[in-house]
Amino acid sequence: MYALSRLRPRALSPFRLLVGGAGIALALLIVVPLVSMLGDLFIEDGRPTLAGVRSLSGEPVGEVLRNTVILTVASGALALVVGSLLAWVNERTDARIGALTDTLPIVSFLIPPFAGALGWMMLASPGAGYLNSYLRRIIGSDARTGPLNIHSWWGLTFVYALYMVPYVFIMVSASLRDLDASLEEQSRVAGVGKLRTVFKVTVPSIKPAIAGAGYLLVWFGFSMFSIPAVLGPRAGIETLSMRIVQMIRYQYPPRFDAAVSLGLVTFAAVACAWAVHRYTIRNARFATVGGKSRRAARLRLGAWRWPVRLMMLLYIVVAAILPMLALLALTMRGYWSARIELHQWDFSNVTAALFDNPVTRRALVNSLRLATMASIIGITVAALIAVLIRKARGPWAVVVDAAIKLPASLPNVVLALAFLSAFAGPPFRLHGTTTILLLAYLAFYLPQAAVAADSAASLVGDEMIEASSVSGVGSGRTFARISAPLMFPGLLAGWAFLFARVLGELNAASILATGNNVVMGSRMLDLLGGGPQGYAALGALALAITVVGLVIIGITFTLGRLVGRGYRQRST
Amino acid sequence: MRVRINARASVRGLVIAALPGALAIATAGGSLRAAPGTTEPADEPVSAESPVGACTIDDDLIAAAQAEGVVVMYNSPGGIDGPITAGFSAAYGIEVQATRMPSPDLKARYSAEIEAGSPTADLIISADDGYFEDALANGWILPLAEELPGFPGDYPELFVREAHAVVQTTPFGFAYNTDLFDESDVPEDWAGFTDPTLAGEIGLADPNDSAYYTAFYDYFAGELGEEWLTGLAALDLQVAGGASQTIQAVAAGEYAIALPSSAGYTDEPISQGAPLALVVPAVTTTLPAAVALTADPAHPAAAQLLACWLLAPEGNKVVADARGTLDMFQPEVLGYQVPPIPSPERQAEIIGILTGS
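In order, the protein sequence lines correspond to chains A and B. Going by numbering that gives the first Met the number 0, the residue at position 25 of the first sequence is 24; the numbering climbs one at a time, nothing skipped. Going by numbering that gives the first Met the number 0, the residue at position 352 of the second sequence is 351; the numbering climbs one at a time, nothing skipped.
Just so you know, these hints were derived from the structure itself, not from any lab. These figures come from a predicted structure and were not determined experimentally. Where hints are given, some of them may not hold.
What the hints assert, rightly or not - Partial pick of chain A residues on the chain B-facing surface, computed with a CB cut under 10 angstroms:
1) I247
2) Y251
3) Q343
4) N356
5) G424
6) P484
7) G514
8) Y534
Unchecked claim - Derived DEER-like restraints, expressed as beta-carbon distance ranges:
9) A:A401 x B:G272: 54 to 62 angstroms
10) A:V191 x B:A198: 57 to 65 angstroms
11) B:G199 x A:P357: 34 to 42 angstroms
12) A:D141 x B:A136: 53 to 61 angstroms
13) A:D141 x B:A190: 26 to 34 angstroms
14) A:Y133 x B:A347: 37 to 45 angstroms
15) B:P142 x A:A274: 55 to 63 angstroms
We put the beta carbon where it would ideally sit given N, CA and C, even for glycine.
Required output: the full structure, derived from the provided sequences and hints.
Here's what the structure looks like:
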């Protein structure tokens, strides 16, 4: 690596100042609302107070906390097992089918959890669920309900786990890929069986990845709102996030202090998980990538190869294909019916649900506009920060970097409350505007943009930047002529993911969206409570968000590969 | 408390003092009969000759409203936004942006938006009298006499309040899935809802959603005895969500019966071919929905025009015809019982009995 530190520090150019200012502004965007929220809760008339926290008395805090913990632990355990198994099968056996099984488990990451939950409601509602109807017919049962019931602890745990698996898969896959395979080979050479090698050598070696995944799953479980909002009420299960949204959106007058107090409970739980994660990393013994690491020889599964492959494919069927087909059946029929009658399908039901209602049209336009703006601004600023600030020295760069990544450790509902506290009322008065939503989206998804930008920036060799600097080219031109083109494929992919996430975002919308700044997320919540065409309209919106997101990601992925190939061809 | 209505006397103070609630009416084959217990008809029925409505609609108001071009409405009763949007747009060429939401959501959102200084809705239609009084006290809505020219005109006094006026009242019934039940399987009246064969078949609209649900249960517990209420609760009732969600669940076959329900929720799925039928028993209660105008709305003229249209025979009839509701200009509507909304304690008790919570 070139010794940047040996160079004389350059004078700050206007471009660097601009980027630095943008970084500081974004850091403040995240820190100020949090401080404002805590101030509103704990300070009244200039004096500390616990009145806000005491407003929780009478609330079923214990019950919602218990429900959230049970769901998070149960679904997290299931996701850890399934995700780790899928990752191990893909990285360590010959069941892998190239890029297909590399990416399939991540496809569910792209399905909005709201869409997945609604789809599974259509599939496994005890009376009218499509799967239940067919299962009863197959087994010849006269029962009116069952055998499946998605509105239960089991049902919620199952759907939670489906959308937790990608987090585990990504973390464990990366760890297995980087792991020194010689440890496992030595174990097998010593006569230890394959299964024992897995449990005695492989699993302990990837403990940091499992701990990291565990922390993410706790964050997911405590932050998740859309899945319990769809499936929880009929199961009689209420989570922390549901109660927080209930206090802000569905109670008169809104109970801001109580909601923020519950938000702090959520934050405390996630902080505990983070502390456990850090302790695990510091104190556990695990394998690191050695200087002579090499890829593991893949385990040959023999006759089990295709059954294992089918198991991997089964995950994506269950997580993505089945719920999307259920939503398609719902929206094409125009209303929820237990029977799938293709001759009754009418595409005009879909277009009517999406375009006939003026409020839904406005939500579509607002969401597309906000997704475009937030993703472009977010990925651009993240790219600039990745290239210019992270390589800078000084404490301010560390602070900016940490602040930008802070939202990743906070439940989104807590962040949304913070934005409501800081920007809705005076002096900003952004309540009910698309600006407050844009600012919230930037804050929520900056960590994701930063990860994509960091990954793209890692492809830009320091020597090229050095050469440009030595030649007297300013940092702005260096970024525009060297860094940005090389980072383009990675940034494009990052932009597409951001766009898809913002388009179907529900957490910020549930707290910050009103009739004035209606977006897809808030419109879906309205329709969940009962609106024209009911579940069919809801299904149409959920399906539209999913399809648009997948198409955008597919196009940009293809474009990115073509652009990358073009660069490689020009450089050879 | 049962109150006999005298159309001549001012009922405002009486209605407000009695916490106005559901109107108990009797229907038979579409015509109206006085509810049991009411022995005297109204002294002076409203003249049915060319009623004008609650306010004066002149060309200046129409022109100002058309210049604004749009009016934003929040409503809680189901099924009325479609006819209002279509009818008002056809009459004046003004777009109605309607958002329907359950009553608790409407109250929370409307209040939060106004208190934040960014009201969205120019007018609201809600079935919650108590909320209108709060809203008036907070200055969120204004007395209609200040906003609507000529108010209250010849609008039936029974339906007139200081800051809101009833535009629609829907009789409660129940809906059933015609694939699962024949007409002979369902009860003919509310007394039949203790039949053990109905156990596990009933999807209950969340009684927390509206005080008029508890008023309905309370009224019939009074008429049929408390054992009717406990007998109903013993049928393994399943809270299916709001009224709209309950109807959709019944249409899909999750449950056989949706209780209670109304034409506003059943008409649209039935028109799409859903296997549903609505039964309105001979004696039932109704859900009155009233309109109120936001103070300082974004589209004041359009809001005034829409309110006047709703409170005139033309608009009232459009809503009534499309959703099987009662036309406020029919003289028969004056022979009503007015049971009050139960106290909060009684509401909680009823909800606890029904939901087992």
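To test your reading of the hints: which numbers does this structure violate?
6
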